[in-house]
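The listed protein sequences correspond, in order, to chains A and B. Last residue of the first sequence? That's 583 in the working numbering, and every number before it is there in order. Last residue of the second sequence? That's 583 in the working numbering, and every number before it is there in order.
A hint or two may mislead.
Taking lysine-lysine pairs in the PhoX-like style, the calculated list, with each CA pair at most 20 Å apart, reads [said to hold, decoys possible]:
(1) B/486 - B/421
(2) A/491 - B/486
(3) B/486 - B/281
(4) B/491 - A/486
(5) A/486 - B/486
(6) A/491 - B/491
(7) A/241 - A/464
(8) A/486 - A/281
Covered by chain A, per the in silico footprint, the following chain B stretches (three or more residues, Cβ under 8 Å) [claimed, not checked]:
(9) 239-250
(10) 255-262
(11) 395-402
(12) 479-492
No lab work stands behind these hints: they were computed from the structure. The beta carbon of each residue, even a glycine, is placed where N, CA and C say it ideally should be.
Protein chains: 2
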Amino acid sequence: MASSTRLNELPLFAACHLIRAGEISPRELLTDCISQIEQREDELGAFTTFDKNLVFDQLNAIEKLKPKSLLYGIPVGIKDIMETAGMRTTMGSKIYRDYIPGRDAVAVANLKAAGAIIAGKTESTEFAYYYPGKTRNPYSPQHTPGGSSMGSVAAVSQMMVPAATGTQTAGSVIRPAAYCGVIGYKASHGAFSLSGVCGFAPSLDSMGFFTRDARDLSIIRNSLLGAPAKPAARINANRIGLVRTPHWERAEQSQRDLIEGLCDYLADQSFELKDIAVGPSDGALTEAQISIMAYEGCRSLAAEYASSPELMSEQIKALIELGHKTSFADYRQAIALTKTWQQKLPQIFSEVDVLLTPSAPGEAPKGLDSTGDPIFNRMWTLLQVPCIHLPVSFGPNGLPLGVQLVGPFNQDDALIEISNRIAAAVREFPNGHPSE
Amino acid sequence: MASSTRLNELPLFAACHLIRAGEISPRELLTDCISQIEQREDELGAFTTFDKNLVFDQLNAIEKLKPKSLLYGIPVGIKDIMETAGMRTTMGSKIYRDYIPGRDAVAVANLKAAGAIIAGKTESTEFAYYYPGKTRNPYSPQHTPGGSSMGSVAAVSQMMVPAATGTQTAGSVIRPAAYCGVIGYKASHGAFSLSGVCGFAPSLDSMGFFTRDARDLSIIRNSLLGAPAKPAARINANRIGLVRTPHWERAEQSQRDLIEGLCDYLADQSFELKDIAVGPSDGALTEAQISIMAYEGCRSLAAEYASSPELMSEQIKALIELGHKTSFADYRQAIALTKTWQQKLPQIFSEVDVLLTPSAPGEAPKGLDSTGDPIFNRMWTLLQVPCIHLPVSFGPNGLPLGVQLVGPFNQDDALIEISNRIAAAVREFPNGHPSE
Chain A
148 MASSTRLNEL
158 PLFAACHLIR
168 AGEISPRELL
178 TDCISQIEQR
188 EDELGAFTTF
198 DKNLVFDQLN
208 AIEKLKPKSL
218 LYGIPVGIKD
228 IMETAGMRTT
238 MGSKIYRDYI
248 PGRDAVAVAN
258 LKAAGAIIAG
268 KTESTEFAYY
278 YPGKTRNPYS
288 PQHTPGGSSM
298 GSVAAVSQMM
308 VPAATGTQTA
318 GSVIRPAAYC
328 GVIGYKASHG
338 AFSLSGVCGF
348 APSLDSMGFF
358 TRDARDLSII
368 RNSLLGAPAK
378 PAARINANRI
388 GLVRTPHWER
398 AEQSQRDLIE
408 GLCDYLADQS
418 FELKDIAVGP
428 SDGALTEAQI
438 SIMAYEGCRS
448 LAAEYASSPE
458 LMSEQIKALI
468 ELGHKTSFAD
478 YRQAIALTKT
488 WQQKLPQIFS
498 EVDVLLTPSA
508 PGEAPKGLDS
518 TGDPIFNRMW
528 TLLQVPCIHL
538 PVSFGPNGLP
548 LGVQLVGPFN
558 QDDALIEISN
568 RIAAAVREFP
578 NGHPSE
Chain B
148 MASSTRLNEL
158 PLFAACHLIR
168 AGEISPRELL
178 TDCISQIEQR
188 EDELGAFTTF
198 DKNLVFDQLN
208 AIEKLKPKSL
218 LYGIPVGIKD
228 IMETAGMRTT
238 MGSKIYRDYI
248 PGRDAVAVAN
258 LKAAGAIIAG
268 KTESTEFAYY
278 YPGKTRNPYS
288 PQHTPGGSSM
298 GSVAAVSQMM
308 VPAATGTQTA
318 GSVIRPAAYC
328 GVIGYKASHG
338 AFSLSGVCGF
348 APSLDSMGFF
358 TRDARDLSII
368 RNSLLGAPAK
378 PAARINANRI
388 GLVRTPHWER
398 AEQSQRDLIE
408 GLCDYLADQS
418 FELKDIAVGP
428 SDGALTEAQI
438 SIMAYEGCRS
448 LAAEYASSPE
458 LMSEQIKALI
468 ELGHKTSFAD
478 YRQAIALTKT
488 WQQKLPQIFS
498 EVDVLLTPSA
508 PGEAPKGLDS
518 TGDPIFNRMW
528 TLLQVPCIHL
538 PVSFGPNGLP
548 LGVQLVGPFN
558 QDDALIEISN
568 RIAAAVREFP
578 NGHPSE
C-alpha cells in the first residue's frame, strides 16, 4: 500500500478540497483516521473518550447530506473540557469522570453544523490547569506533550485527526503545539463563544485549535464563527518585531539560537526585522496573569473545592489557595495594568505587523508529572491578542522547536495571513531533524 | 395570623440574620415562600420549572448542615438560561424544552455551596433575547414585566423568593427591575464566571441578580464570588453625575421629572450633583452595542439556526440575519469605539463617584408581545461597568419608576456601598404610589 496515501495523513485543507470535489469520501477519510487511532492510541493516550459507534453514527448521518459545508466529513478531536451532547465530558477531573452533557458547547455545535464529525474527546489536564492526563509526547514517550490541550496536539501530530480544538488560559494551546510540532492557534479573547466550555478564568480563557498546515487555520476559523466571515484582504505586511520578553534568559540555548537564526533567515527573504519590547521589563505582565488566573480560577472551582476536595489534585488545590490569598485590590491592580498595556499595543502594531517570540522555553521537558512552563505565553493571553505557533525545527533531543507569532487584537485573519507567508518562507529553513 | 409576619416578606439580609441567630428555620422560610409561589404563580407566570419535591430534597439535605454559610437556607430563583443539574433548563427556547443538564453552572454551584436552596427556574425570554415568556407584570397583568430576566423580577417583586439571578447583554437586568420595582444589580463584565450559562454575546454577557433591599446585594455578591471577598472600605463618596444620555428625549416625561426631582432632593441632602456626559452625543455607543450583540449573537446561535429554525421566533431570526449582515470591519470598529470610551471612564470617575441615569424610558409598556426598550442600558453594558437599579416611585399608570446608578469598572463593592446610602436617603422621597 505504499503507493496509496493514507488519507489521515492529508492536511485539513487538502481533505476538505478532495471531499468537495468527490475525489475521496468522508467514509474513506474516517476509516483511515480510525485505523490510525487504533494503531497509536495505546502508546499515545490522546483520547479520553473514543467510541467508534458514536463516530460512525455521525458519519451515517453526514452521508445523507450534500458536501456543501466547509468541514463536511472532516473528523475533529474535541478537548475534553468542551461539552458534547451524549458524549462523556470529564473536564479532566475525577469529579466528572461519568458526566455526559445533554447539550453541545457552541463551538462543538458550530463544528457539527459545518459538517465535522466529532472523532472523540481528547485528554485535558484537570480542569485545563496543570495536573496531567495520560498523553505522551509523540516524539518521545518519556517527555510531556505539554498541557493542557495535550490529547488534541498528540492526535493532530500523529495524524489521527486533521484538526482538534484547544483552549488557553495561560499557555495551553501554544506550549503543547510547540512541544508536539503542530500548528497551534489561540484566538483573540472573545472571538469565539465559550458557552458550554468549562470556564477557569473568564478574563483569560480563549479558544484555539490545532492543525498540521497553516492553510488549515482560516477554514476552521470560518467554520467556528458559525456565520460567513469575509477573509481579511491580503496585506503585504512584512514587518516583524522580535520580542525577546523579560524571560529570554529562561529560554534554552537551542530555542534562542533558533529564533535568532530564523530572524536572520527571514531578513534575507522579503521581511523586515527589528527588535521591539512589549510590557514592563520586570515581567509584571506575567505576574499579573498569574494573579488574575488564581483570583478568577479559585472562584470558578469554589463549589467543587467545597464539595469534593478529595477528588482534586494538589496542584489545583494550591492554585485555589493562592486565589484565596490574592486580594481584590491586587486583582484590580493586575486588571488595570493589563488594560494599560492593551492600550499601548496599537502603537506597537503601527511599527510592526507581527511579533515573533518564543512559544516555550525550548524542547518538551522530560517527565510526565509536569506539562512544562507557560512563561512565554502568559503575557500574550493576558493581552488577549491572537497567537500562532509555527513548528520550524528540532532541538538537540530530537524534539520539535518553533516560534510564536502574535498579532493585533481582533485581527486574527491578518495574523493567519502573515503566518501563512512566514510558514511558506521557512519551508527551506534547515530544520535540524536528526533523521534528515 | 395578621400579627405574624409571613417570612417570605422578609428581605434577604433579614432572613439570613434570623436563620443564623436561630430565630427562624429554613423550613419555616421555605414553607412561606412556597405558599406564596402556589398562591401567585398562576397569575404571574414567574416560573418555568417549579418542583416542590426537588425543593424539599434540598431542604432536607441543608438541615443536616450547620447554618454557617452566607446563604444558609435561603431560597433563590435561577434564570432559566443557567444550567442546574437535574433541573430542567430550557434557555427560554422550544429547542431545549426538555433539556435537563447534568451539571450546575458555576454561579448555581456557588449559590448552593453558600447554602442556598434553588426554588425553581424562572422564565427567560428566548435565549435571553426579546421573544417573551409567560410572565406578567405584578403591578398590572396587561403590562410586560420587561425582559429577559422576567420571571426572576416577578418572583422577587411578589415575595416568592428573596432573591433571584439574572443576566444582561443589552438591558435584561436593569430594565425588568425598573418595570417591576425591585433592586437589580448587573455586575462588572467578567466579575462572575458565566460557565454553564447559555452565552449570547461574550463581550457583553454579564451576571446579575435581584433583591428587595440594597443591603442584600453584598451578601449575594460575596456568595457568588465563591471565596472570601473583603468588602470595600466605606468611602464617603457623595459626588453624583447626572447623565441624561443622547436618548433623554426618548424617556417619558414622568421618568425625566422623577430623575430631575430626585437630583434636587439628593442635592438637598449630603450629595453633590453635576451634569456630565458619557459617550459621543450621537448615541454611537448604543449603535456599537447593537452591532456587537448581533455579530456575536448570530454566531452563538448559528447551530440552532441551522438545525431548528422552525423552533425559533421571528425576533431572534431577525437578530441572526442582522448579525450575518454585520461585517467584521463594522464589528471591529464597534469594539474599538468601546475600548476608547472604556479608557475615558477613569477620567469621568475622577470627577464624580457614581453616575445617575434612567433605567428605562419610563413605566412598563402595555402589552405582552414586547419586553420594552433597553435603550438606556445598552451603552453601560457595552462599557462593562456595574449598574444598579433602585426603585424610587410610581408613574401615572401606577407602575414602578426608578433610577440607574453606574459605577467604575470592577468597583462593584463601592457602587453597592454608595447605592445603599442613596437608597437610604430616598426613603422619604415622595413616591407617588396611588395607594399612598
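Now the hints, each set against the structure:
no., hint, in the structure
1, B/486 - B/421, "violated (25 Å)"
2, A/491 - B/486, "holds (12 Å)"
3, B/486 - B/281, "violated (37 Å)"
4, B/491 - A/486, "holds (12 Å)"
5, A/486 - B/486, "holds (10 Å)"
6, A/491 - B/491, "holds (15 Å)"
7, A/241 - A/464, "holds (14 Å)"
8, A/486 - A/281, "violated (37 Å)"
9, 239-250, "holds (count 6)"
10, 255-262, "holds (count 4)"
11, 395-402, "violated (count 0)"
12, 479-492, "holds (count 5)"
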